[in-house]
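Asks: As they're listed, the protein sequences go chains A and B.
Every letter in the first sequence is one number past the one before it in my numbering, and letter 91, counting from 1, is 126.
Every letter in the second sequence is one number past the one before it in my numbering, and letter 30, counting from 1, is 39.
It should be emphasised that the hints constitute simulated quantities derived from the structure, not laboratory data.
Treat the hints with caution; some may be incorrect.
Unchecked claim - With the C-beta cut set under 8 Å, the calculated list includes, among others, these residues of chain A facing chain B: (1) P75; (2) K77; (3) G78; (4) A119; (5) G138.
Claimed, not checked - Negatives, chain A to chain B, calculated, CB over 12 Å: (6) R66; (7) W70; (8) L82; (9) E91.
To be verified - Below are the PhoX-like pairs computed for lysine-lysine, each with C-alpha atoms no more than 20 Å apart in a straight line: (10) B/K47 with A/K77; (11) A/K114 with A/K98; (12) A/K137 with B/K61.
Using N, Cα and C, we set each Cβ at its ideal position, and we do this for glycine too.
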Amino acid sequence: EDQVTQSPEALRLQEGESSSLNCSYTVSGLRGLFWYRQDPGKGPEFLFTLYSAGEEKEKERLKATLTKKESFLHITAPKPEDSATYLCAVQANSGYALNFGKGTSLLVTP
Amino acid sequence: DAMVIQNPRYQVTQFGKPVTLSCSQTLNHNVMYWYQQKSSQAPKLLFHYYDKDFNNEADTPDNFQSRRPNTSFCFLDIRSPGLGDAAMYLCATRQTGFTYNEQFFGPGTRLTVL
């Protein structure tokens, strides 16, 4: 059965303090690993898709990386507006569904 | 802008009173999904439509049903809402046949059951 585990559950950073969020996964044939950002009371907003080990993608202060067992979302010099819950999800080759982790709630303080 | 729209954004219903949530999309995607997300939990897939083909997740209660009258619209019907059905309901879309596979989500409908 596909499993996605995110850590930590919650993370508090000072503005400018870089860190990484972890997403560990097991899946029977990875079709894609997805990162989403979710603000309170809103739907998830797509950030990145990663397809194969070694792949990296960047967007502003965010960089996502992928290995065969986990993905990291690196946040460089975060700002308060980066505060949100970051969700990781995997899609197996065999299906159409996304299997989500519970997310990491990030708070960046000024 | 192409988008996924959900109405209403907030819905209050009474215990056992049927309710319908609506999703529409201007992306012309062929797959539409309904997720349930409870507080501080991961979104949980209820069912999805691949074109007109309905696919129910094994653990989705019979109380939940869906309709997709055309490509643009999809509805979630909760026949007899219970207190445990209070949640955020998320609609998402995806287009198959391309190298990218991401799902695009609507803003969600927050359902309260009194």
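Asks: Each of the hints needs a verdict: does it hold here or not?
Replies: Quick rundown of the hints versus the structure:
Interface restraint check for A/P75: the shortest CB-CB distance to chain B comes to about 10 Å, outside 8 Å, so the restraint is violated. Hint on A/K77 holds. Least Cβ distance to chain B is approximately 6 Å, under the 8 Å limit. At its closest, the beta carbon of A/G78 sits 4 Å from a beta carbon of chain B; the interface hint therefore holds under the 8 Å criterion. Because the smallest distance between the Cβ of A/A119 and any Cβ of chain B comes to about 14 Å, over 8 Å, the interface hint for this residue is violated.
The interface hint given for A/G138 holds, since its Cβ lies 7 Å from the closest Cβ of chain B, which is under the 8 Å cut-off. Some Cβ of chain B comes within 12 Å of the Cβ of A/R66; the nearest lies about 6 Å off, and the non-interface call is violated. With 12 Å as the threshold on Cβ separation, the claim that A/W70 sits away from chain B is violated: the shortest Cβ distance comes to roughly 10 Å. The claim that A/L82 is not at the interface with chain B is violated, since a C-beta of that chain comes within 12 Å of its own (minimum 9 Å).
Taking the minimum C-beta to C-beta distance to chain B, about 16 Å, the non-interface status of A/E91 holds against the 12 Å cut. At roughly 13 Å between alpha-carbon atoms, B/K47 and A/K77 fall within 20 Å of each other, so this suggested pair holds. Under the criterion of a C-alpha separation no larger than 20 Å, the hint pairing A/K114 with A/K98 is consistent with the structure, at around 15 Å. A C-alpha spacing of about 30 Å is found between A/K137 and B/K61, which places the hinted pair above 20 Å, so the restraint is violated.
Violated hints, listed in ascending order, are 1, 4, 6, 7, 8, 12; each of the other numbered hints is respected by the structure.
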